[in-house]
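Novice: Take a look at the letters that make up each chain.
Protein chains: 4
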Amino acid sequence: MNIAIIGAGYWGKNLVRVFYSLSDDVKLKYVCDLDEKKLAKIKKMYPDVQTIADANIIFSDPEISAVVVSTPASAHYELIKKTLLSGKHVLVEKPMTRTLKEADELVTLAKEKDLVLMVDHTFLYTPAVKKIKHLIENNELGKINYIDSERINLGLIQPDVNVIYDLAAHDISIFNYILGEWPSSVMAFGKSFITKGTVREVEEVAHINLEYPSGVMAHVHVSWLSPVKLRKMLVGGSKKMIIYNDVEPSEKIKIVDQGVDIDFGKENSFFPIYRSGEISIPKLSEGEALIAEAQEFIQSIKENRSPLTCGESGLKTVQVLEKATQSMRENGIKIYF
Amino acid sequence: MNIAIIGAGYWGKNLVRVFYSLSDDVKLKYVCDLDEKKLAKIKKMYPDVQTIADANIIFSDPEISAVVVSTPASAHYELIKKTLLSGKHVLVEKPMTRTLKEADELVTLAKEKDLVLMVDHTFLYTPAVKKIKHLIENNELGKINYIDSERINLGLIQPDVNVIYDLAAHDISIFNYILGEWPSSVMAFGKSFITKGTVREVEEVAHINLEYPSGVMAHVHVSWLSPVKLRKMLVGGSKKMIIYNDVEPSEKIKIVDQGVDIDFGKENSFFPIYRSGEISIPKLSEGEALIAEAQEFIQSIKENRSPLTCGESGLKTVQVLEKATQSMRENGIKIYF
Amino acid sequence: MNIAIIGAGYWGKNLVRVFYSLSDDVKLKYVCDLDEKKLAKIKKMYPDVQTIADANIIFSDPEISAVVVSTPASAHYELIKKTLLSGKHVLVEKPMTRTLKEADELVTLAKEKDLVLMVDHTFLYTPAVKKIKHLIENNELGKINYIDSERINLGLIQPDVNVIYDLAAHDISIFNYILGEWPSSVMAFGKSFITKGTVREVEEVAHINLEYPSGVMAHVHVSWLSPVKLRKMLVGGSKKMIIYNDVEPSEKIKIVDQGVDIDFGKENSFFPIYRSGEISIPKLSEGEALIAEAQEFIQSIKENRSPLTCGESGLKTVQVLEKATQSMRENGIKIYF
Amino acid sequence: MNIAIIGAGYWGKNLVRVFYSLSDDVKLKYVCDLDEKKLAKIKKMYPDVQTIADANIIFSDPEISAVVVSTPASAHYELIKKTLLSGKHVLVEKPMTRTLKEADELVTLAKEKDLVLMVDHTFLYTPAVKKIKHLIENNELGKINYIDSERINLGLIQPDVNVIYDLAAHDISIFNYILGEWPSSVMAFGKSFITKGTVREVEEVAHINLEYPSGVMAHVHVSWLSPVKLRKMLVGGSKKMIIYNDVEPSEKIKIVDQGVDIDFGKENSFFPIYRSGEISIPKLSEGEALIAEAQEFIQSIKENRSPLTCGESGLKTVQVLEKATQSMRENGIKIYF
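Protein chains in written order, with numbering that gives the first Met the number 0: chain A, 0 to 336; chain B, 0 to 336; chain C, 0 to 336; chain D, 0 to 336.
Because the hints were derived from the structure by calculation, they are not lab data. Nothing here was measured: the structure is a model prediction, and the numbers come from that model. Certain hints may be false.
Derived CB-CB ranges, DEER-like [what the hints assert, rightly or not]: (1) C:Leu84 with B:Lys301: 46 to 56 Å; (2) D:Glu139 with C:Asn138: 44 to 54 Å; (3) B:Lys301 with C:Pro248: 31 to 41 Å; (4) D:Glu200 with A:Ser237: 48 to 58 Å; (5) D:Lys238 with C:Pro248: 25 to 35 Å; (6) C:Asp159 with A:Glu139: 18 to 28 Å; (7) B:Glu104 with C:Lys301: 52 to 62 Å; (8) C:Pro248 with A:Lys43: 49 to 59 Å; (9) D:Asn137 with C:Pro71: 39 to 49 Å; (10) D:Asn137 with A:Glu139: 48 to 58 Å.
SDA-like, lysine to any residue: derived pairs with alpha carbons at most 25 Å apart [unchecked claim]: (11) B:Lys40 with A:Tyr273; (12) C:Lys282 with A:Gly276; (13) C:Lys142 with C:Tyr335.
Every residue gets a Cβ at the ideal spot worked out from N, C-alpha and C, and that includes glycine.
This is chain A alone, in the form it adopts within the complex (with noise of 0.2 Å):
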């Protein structure tokens, strides 16, 4: 199977490096940019790729099966729609697109044509997130109260997306795969500080908050003017919570056994009971995320099947994307979906 990677920028070049040694069935055989550096030092590391400029030369080739899709979130829609409909499968950069309208057309094209359409969720496929999916499912958190994510640092402020876009998109594809629902509304708040003024102004600091048809509560703070770096999200069970810290090289989750029950003996009586018991850190197995998510984009086309990250996730997580801004932008007015 021959594969091309369209945009070799910051996220591009792991793609790269991932699909050039992924397996012996897979050959990269273009990398595409319009930037004549990127390329050079694609061609330095990899000589026996071809660096294109023009994507069209991908398109048109009948031994391309597959195309990844790297390039600022702008330009993915025009990308993946020629891409489907010269027959090839595609994987897209989250996010899928900046609509939801866009993603509703891809989502249609793609199932008309019998073709994947895999969006780049990668943190779905780290250990630490499939950990958590599965600790709830095993109702061994019991029921999911809220769920709390920070993903904060300087920069990189993107040019044709807000943070929301950038950031959070992340967090909504690992709220709704771990709780299994998609959220019943969305409110956000936000500003822009940098770009305010200029022709590139967008929301750099926003707040999302999130219901869920379950009743758990999220929120997401997501900043490109963090002093600080964080990866952190917390979620609170009735049985035990999670702490999970994705900047921390080992000890990346912790399930912490510790709750709040109330005693109602008398009428007016109010007796919290706190427990406080053990923290303990699984030992989350090792491999890369990407590697494990190039594999499932090369196996659920191999299978004729449905990626776990499908196009339709994708669009529900655009969705939210939408509507957050929409909110960001509406006085924080509640939209329901």
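Starting from the known structure of chain A, arrange chains B, C and D on it as the hints suggest.
Specialist: Same frame as chain A, now just chains B, C and D:
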């Protein structure tokens, strides 16, 4: 000067300890509580203090100049009113009252009676918060863009107020103090899980979004249901940023010389330039905040002046707490002041 | 039972606080110190305690059953001796004495007089150290290979003993307790920098290497000149290992299911197999160690039995401190016991 | 300039990556290893590199100017000797050799042949170590009193050298570099647990104590059996102190303005005065140390000069490793150089 303390609970015990040995001028005459066990403990530790169950003894004792109220919030209004009506100065634990209306009435009453009405916003007397105020005033941080605070842990669930009244009272008073302005709008999102459906239902987790007239965006996350104890505040200025971690024993404040500038050389170009310089951890003065606060109370009485955390500042905090609670219960609607 | 405390310094104040409100049976009658300011502070906090400058009042008061000695180490020997000779039980701050000879004499004297001689090795009453002892005794860690301890910070430089006597006394007593054996040899390496060349020259930084009969290798790093405060101990067992961080407020002990096995399948092959499983952080019981210790002192007197940290255990610690100091001053020579 | 790398193991792979894309002047012609699997991986990643199993091809190829030796330590001596005898420059992984005698012979041989003999003491090329050297040279820390290093983790147990040779080689080379002097004495204490009693018995945990002519006291703790990975160094100066934590992603160095002075006003008085000021975390330059090192190798060849980590410095490190091992096996006896 003779003083009395009403309420010998969790925080009241600290007030007793501090006022007991504050200075030779100040004598702690009474400690009042309805719980005999608490009184017995006080008596054992401080045999020369009179422990009483009836607060009216205090109000009618002409020797008493000032009263410290450290009861559950629901009792504040009545006790402050009685104290002022009996011609005595009052220091009250935060939040001052549960409603703006009550706060308003008490501030007016104190003015009429020419008495000190002070609120126990202890954090404003900490070296850390004073340092942040100093840095902002001296323009070391540049224009302040945002403040973000997390004050979360397991418990202590209050019987008579929600988590916003209990915990966010600290953050709101700190924000107002270091910025030197009151917020112009508030929105909040919160839920009840443990007490849900009971007679004592209160929100246990909440997110509050605030706007200030100067353009600062502020956010507070408060929770009684967190697996981890956090007391963390980020202050993002255009020149420098602050990480304030109150849980750290000695390195509470980090000043990060970091920021982003954007170069718009040509029409469509977009080059964010990330500055990232030295981090400095200032040596903060030592000394317990509660002692500084108690001294401020005594001094403001002696000098017949308004204390730092005067009734008006307590009122402004209560106003935010009340409106945040209203927003939280009305779909997160934005409320302007 | 009436008791007296001699020495109201840094640690003495804690002992006063604890014994003052220990139980209704125990009455703190005297606090003795040469420093009038310290006595005045004690008097202000505890008006019903008699503050005195002459310890002989204690020794000659027949009402006094037991004495707590919390002076600089150089005064311990004389004060313990006088206490025992006056027929009273004694609890002495660590280190018990400065020489093995003195310790030996006092242990013998206490036996002859049938009095309790107890040493204030507080750490042995902490839930963390008790937990480690429990884990070792129950063979949860397998065979213990090594213990490694760091106890370093800035100050407090003692005027009459070196850093080994001041800080390593804790580690040695912990090692002996959790291993249930005394060391067979000691070597030490240390230097004086700040006090070097003065009349009060003592070593301020030191490393101690110990061997135990069971084969355990132990190391202690103590320093008064460290830029960071560390209280960290590693216990390496063949099955599991412990990270004990006493500076952590709640997660003091981590039990790490980790180790190495080596496969020697063929003559020259060498395949280390690294096991790396879950980490668990047990919930430790709460309660102040000093209270537990004070209760043990009172109980051992009442029950006429040897306390956990008896004179013999104090003597064994002094022996190590003395020989470690000797080694340090004789080129690090290994000294056998 | 054509180069070859012998050894494609854990560290060798990094050397391949760096030398492969170092500059246009330098061409990585051969990678040599006895393990076919390792060669196959190299071939897949770098198709234009020749992978060979026989190192003699390298020695007899006149196109090759320089060789990088990255094999187990036991093979270093023979390979360096052959390289030099074939007239090629050599960069060798640390430790240079297993004995001072071998190191001596090779340094002499390189001088006779006028070839560069460089040792891969990578840490000396890191921004953190360079910063510490700079601070010491500029007298920012005052007189250096001590250095204390911990380099501990689980594994990787080496088959042919003990933990001192494997890990302390880093610390010794750093100490010598930042102090600008060689140690005057060494003592060591260490044991074998996992490999004990086997044909491959080597010490897996060790403590090394060093003295330097200037009076600096240094200590290194190395271990393959630690439950936690630490790479921490303290440098204690009379004016300031450094905490160097190499595991931190960005805040590797903290400069602590802290110290003790002692006032001996009257004969017997003793007042230590503790200074405790600001902590600053400098922004370190970025850039991979291994690239800087590779460039230094190439430059020193081109400029026909001695590199920073020359053979002599490698020899001085080997000398300490050898004597530390001897001390460790002879009851910790102090050995002078």
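Novice: The structure should be examined with respect to each hint, and the outcome stated for every one.
Specialist: Outcome of the hint check:
1. C:Leu84 with B:Lys301: 46 to 56 Å: holds (54 Å)
2. D:Glu139 with C:Asn138: 44 to 54 Å: holds (51 Å)
3. B:Lys301 with C:Pro248: 31 to 41 Å: holds (38 Å)
4. D:Glu200 with A:Ser237: 48 to 58 Å: holds (53 Å)
5. D:Lys238 with C:Pro248: 25 to 35 Å: Because 32 Å falls inside the window, the suggested range holds.
6. C:Asp159 with A:Glu139: 18 to 28 Å: For glutamate 139 of chain A against aspartate 159 of chain C, whose Cβ atoms are near 56 Å apart, the range 18 to 28 Å is violated.
7. B:Glu104 with C:Lys301: 52 to 62 Å: Between glutamate 104 of chain B and lysine 301 of chain C, where Cβ atoms are some 59 Å apart, the hint holds.
8. C:Pro248 with A:Lys43: 49 to 59 Å: holds (52 Å)
9. D:Asn137 with C:Pro71: 39 to 49 Å: holds (40 Å)
10. D:Asn137 with A:Glu139: 48 to 58 Å: Taking Cβ atoms as reference, asparagine 137 of chain D and glutamate 139 of chain A lie about 56 Å apart, which means the hint holds.
11. B:Lys40 with A:Tyr273: Holds, at roughly 24 Å.
12. C:Lys282 with A:Gly276: holds (5 Å)
13. C:Lys142 with C:Tyr335: Holds, because 23 Å separates the two Cα atoms, which is no more than 25 Å.
Checked against the numbered hints above, the structure breaks only hint 6 and satisfies the rest.
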